[in-house]
Amino acid sequence: METTKRKTNKGKQIFRIVLLVGTFISLWFVPWILVKAWIVPLPDTVQKQVDQSLSYGFDGVLVYVDESGKPPAFYGAGYHNRELKIPANPKALFKIASITKLYEAVAITKLVHDKRLSLDRTLADYFPELKGRIENAESITLRMMVQHRSGIPNFTNTPNFWNDPPESSEAALDLVLDLPANFNPNEDYEYSNTNYLLLHMLIEKITEQPNFQFIKEVILNPLGLKNTYGSLKDVNMDDLMSGYYVGFEEDTKTTDYGNMIATAEDVGIFLRALNDGSLLNENEMEIYASIYEFNHGGLIPGYQSMAEYHKDIDAVVVQFMNTTDFDGYQWNLLQITHTRIVKILRKAKSQ
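Just so you know, numbering that gives the first Met the number 0 puts 15 at position 16 of the sequence shown, and the rest follows in order with no gaps.
Source of the hints: derived by calculation from the structure; they are not laboratory data.
Positions of the beta carbon are idealized from the N, C-alpha and C atoms, including for glycine.
Keep in mind that a hint or two might mislead.
[Claimed, not checked] FRET-style restraints, in silico, Cβ to Cβ: (1) R345 to S117: 37 to 43 Å; (2) N185 to D238: 38 to 44 Å; (3) V34 to E203: 43 to 49 Å; (4) D238 to D177: 36 to 42 Å; (5) I32 to G276: 37 to 43 Å; (6) E128 to N185: 18 to 24 Å; (7) Q208 to E281: 25 to 31 Å; (8) E281 to D119: 18 to 24 Å.
[Stated by the list, open to error] Calculated pairs, DMTMM-like style, for lysine to aspartate or glutamate (alpha carbon to alpha carbon, straight line, at most 20 Å): (9) K84 to E249; (10) K114 to E281; (11) K342 to D50; (12) K204 to E169; (13) K204 to E216; (14) K90 to E66; (15) K35 to D50; (16) K130 to D173; (17) K232 to E169; (18) K84 to D238; (19) K346 to E307; (20) K204 to D173; (21) K47 to E66; (22) K35 to D324; (23) K225 to D237; (24) K342 to D65; (25) K346 to D43; (26) K310 to D275.
Model the full structure from these sequences, guided by the hints.
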């Protein structure tokens with residue numbers, strides 16, 4: 000009996016040693032800048048965390064915080080424009096990249112609720128001309144596209160896309176026409192911007208107006224949002240925060256990838272309305288909750304962002320960072336610093 004116990008204890012010790020060695024090996028392959036961002040002592044204010052974020056290689060950082068019962072708070076550090084040494088402006092415009100998908104999912108929800116679209120109809124139903132050009136078009140439903148379960152290849156993964164982006168939706172779609180599907184419809188999940196490109200085009204087809212105009216009518220105007228735009232052509236470029244890609248000196252803000260542009264405050268107001276039910280009626284909310292998420296991030300060269308609502312503290316946090324890299328470490332750092340900001344808010348809330 001005693002021998003068995005000693006063997007068991009020895010086995011546990013060996014397991015602990017193996018686990019510890021495995022942990023050290025894992026950490027060896029994790030960039031130390033990420034480890035540092037995890038373990039550095041948590042500051043006592045959001046502004047100190049924003050300032051600290053600059054030490055990880057970001058040129059500029061903007062944060063908007065909307066806590067229930069408090070006035071919105073704005074934070075900034077670093078540069079709005081690095082070359083001109085213009086300080087970061089928390090109310091600057093920013094390319095929000097894939098956060099745009101939240102707005103388009105709401106637009107789809109509105110059209111489904113009004114019976115102008117059906118989540119169960121297929122891509123071929125709405126775009127007959129794509130039958131034979133997009134594999135499985137006859138069985139890919141609208142719901143699958145919203146949920147990234149279509150299997151349609153991602154056009155932003157095609158060669159040279161980021162260096163020479165297409166100038167129209169049709170040109171972007173051409174990049175993936177006639178390519179084989181990545182998987183059969185609804186049998187897997189893969190984030191694909193092509194899904195939302197097609198949804199964008201579908202909104203325009205059904206409403207017979209530009210996609211952004213419909214978003215403006217059903218989202219922006221009801222919420223009183225006047226600092227959200229659908230195109231670079233519509234903004235004062237001086238108001239747009241510059242974007243930088245590690246290893247390159249060029250400012251990426253003049254490159255048009257077709258995403259929406261907004262202030263952190265406008266994104267925050269939209270996100271709270273989406274989460275608290277004031278943007279959608281009860282039936283619309285049920286539809287939306289069944290098809291898409293309520294928080295989102297965004298990433299394009301020079302611009303990365305995260306917009307989240309945290310129910311436990313009833314707070315919206317929107318974070319913009321104007322530096323990206325090839326390896327994705329900057330994206331990891333965005334996630335880490337965002338999590339730390341929320342920890343600071345939770346800690347303050349509990350005191």
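Status of the hints after comparison with the structure:
The hinted range of 37 to 43 Å is satisfied by R345 and S117, whose Cβ atoms lie roughly 42 Å apart. Between N185 and D238 the Cβ separation comes to about 42 Å, which falls inside the hinted range of 38 to 44 Å. Checked against the given bound of 43 to 49 Å, the beta carbons of V34 and E203, roughly 46 Å apart, stay inside it. For D238 and D177, the hinted distance range of 36 to 42 Å is satisfied, since their beta carbons lie about 41 Å from each other.
Checking the proposed 37 to 43 Å range against I32 and G276 shows it holds: the Cβ atoms sit about 40 Å from each other. Taken as a hint, the range 18 to 24 Å holds for the pair E128 and N185, whose Cβ atoms sit roughly 23 Å apart. Between Q208 and E281 the CB atoms are about 27 Å apart, so this pair conforms to the stated range of 25 to 31 Å. Separation of E281 from D119 is about 21 Å and conforms to the stated range, judged on CB atoms against 18 to 24 Å.
A threshold of 20 Å between alpha carbons decides the hint, and for K84 with E249 the separation of about 15 Å falls inside it, so the pair holds. For the proposed pair K114 and E281, the alpha carbon gap of about 16 Å is at most 20 Å, so the pair holds. For the given pair, K342 sits about 16 Å from D50 by alpha-carbon distance, which is consistent with the 20 Å threshold. With a C-alpha separation of about 13 Å, the suggested pair K204 and E169 falls inside the 20 Å cut-off, and the hint holds.
At most 20 Å may separate the alpha-carbon atoms for a hinted pair to count; K204 and E216 meet this at roughly 16 Å. For the hint pairing K90 with E66, the CA-to-CA distance comes to about 18 Å; that is within 20 Å, so the pair holds. Restraint check: the Cα-Cα separation between K35 and D50 comes to about 15 Å, which is no more than 20 Å; the hinted pair holds. A threshold of 20 Å between alpha carbons decides the hint, and for K130 with D173 the separation of about 14 Å falls inside it, so the pair holds.
The straight-line distance between the Cα atoms of K232 and E169 is roughly 19 Å, inside the 20 Å bound, and the hint therefore holds. Using a Cα cut-off of 20 Å, the hinted pair K84 and D238 holds, with the two alpha carbons roughly 14 Å apart. For the hint pairing K346 with E307, the CA-to-CA distance comes to about 18 Å; that is within 20 Å, so the pair holds. About 18 Å separates the Cα atoms of K204 and D173, which keeps this hinted pair within 20 Å; it holds.
The straight-line distance between the Cα atoms of K47 and E66 is roughly 18 Å, inside the 20 Å bound, and the hint therefore holds. With a CA separation close to 18 Å, the supplied pair K35 and D324 stays within the 20 Å bound. Note on K225 and D237: the hinted pairing holds, with a Cα-Cα distance of about 17 Å set against a maximum of 20 Å. Simply put, K342 and D65 have alpha-carbon atoms about 15 Å apart, close enough for the 20 Å limit, and the pair holds.
Note on K346 and D43: the hinted pairing holds, with a Cα-Cα distance of about 9 Å set against a maximum of 20 Å. In summary, the hint linking K310 to D275 is supported, as the alpha carbons are separated by about 9 Å, within the 20 Å threshold.
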